[in-house]
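So the protein lines, in turn, are chains A and B.
If you want the working numbering, it's the 1-based position in the first sequence plus 24.
If you want the working numbering, it's the 1-based position in the second sequence plus 24.
Hints are computed from structural coordinates only; laboratory data are not their basis.
Take these hints with a grain of salt, some might be off.
Stated by the list, open to error - The calculated label-pair distances, taken between Cβ atoms and stated as ranges, are:
id, chain 1, residue 1, chain 2, residue 2, range
1, B, Y96, A, R64, 51 to 61 Å
2, A, R123, B, R127, 18 to 28 Å
3, A, A79, B, E86, 29 to 39 Å
4, B, E92, A, P100, 54 to 64 Å
Nothing here was measured: the structure is a model prediction, and the numbers come from that model.
Cβ coordinates follow ideal geometry from the N, Cα and C atoms, glycine included.
What follows is the residue order along each chain.
2 protein chains.
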Amino acid sequence: MPSTEPRSYCPINLSLEIFGDSWTLLILRDMMFSGKRHFRELLASDEGISTNILADRLDRLERRGLVERRRYQEHPPRDEYHPTARCRALRPVMRALIRWGQRHVPGTAQHPPRGLAAPPRRG
Amino acid sequence: MPSTEPRSYCPINLSLEIFGDSWTLLILRDMMFSGKRHFRELLASDEGISTNILADRLDRLERRGLVERRRYQEHPPRDEYHPTARCRALRPVMRALIRWGQRHVPGTAQHPPRGLAAPPRRG
Chain A
25 MPSTEPRSYC
35 PINLSLEIFG
45 DSWTLLILRD
55 MMFSGKRHFR
65 ELLASDEGIS
75 TNILADRLDR
85 LERRGLVERR
95 RYQEHPPRDE
105 YHPTARCRAL
115 RPVMRALIRW
125 GQRHVPGTAQ
135 HPPRGLAAPP
145 RRG
Chain B
25 MPSTEPRSYC
35 PINLSLEIFG
45 DSWTLLILRD
55 MMFSGKRHFR
65 ELLASDEGIS
75 TNILADRLDR
85 LERRGLVERR
95 RYQEHPPRDE
105 YHPTARCRAL
115 RPVMRALIRW
125 GQRHVPGTAQ
135 HPPRGLAAPP
145 RRG
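In isolation and in its complexed conformation, chain A is listed as follows:
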């Protein structure tokens, strides 16, 4: 268990607070399990990611072929972020992290990530 107050009680977040840096996987969680596609949606997550970290991680994810950026409006410019097949293939990693968190970190079982039971099929 983290010694300080966790950023949220999402089991994925708690697992990663125990054994790693988590921003990237939290962004992917929101795309895959909550169907978020817009910068402002991703910015609104419980963990309080900052605009510069979010922008940096989205750039990296795009360069690494996990996220595809699609411009849906030109004036002003607006982009959507879509998980690629390579990204969606991370679902078993997410599920394993969720299961570990739910079983081994007190306080997580009653806080499953939004949309986990019925992940949206967008993108």
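We have chain A; now place chain B onto it with these hints.
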């Protein structure tokens, strides 16, 4: 794919170079799949972890109940590090990371982590 030369071609390492900080999971990998128990063994891994990062991560893992430190010699003091049940429960996470890396990062399939086929049963 990382744009710079990866620290090693272990699929776990490559996966984490793509989507997260990796030192902690690499230490756990060495404990669970290679049966490493001593500081000097963990220090000798392919990725070139530094002594201060290794000591810091082992302390954190102990505080979080993933690693148990056992003193096996008093003069000079020498400790062994053993994965706890909570730590061994991370095996599905590791396996999911391995599978993703092997399928989605070129160059990994021929480099499975040592001992993956027959993980040792120590500790």
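Do the hints match the structure? See the list:
| no. | hint | result |
| --- | --- | --- |
| 1 | Y96/B - R64/A: 51 to 61 Å | holds (55 Å) |
| 2 | R123/A - R127/B: 18 to 28 Å | holds (21 Å) |
| 3 | A79/A - E86/B: 29 to 39 Å | holds (36 Å) |
| 4 | E92/B - P100/A: 54 to 64 Å | holds (56 Å) |
Violated hints are absent here; each numbered hint is respected by the structure.
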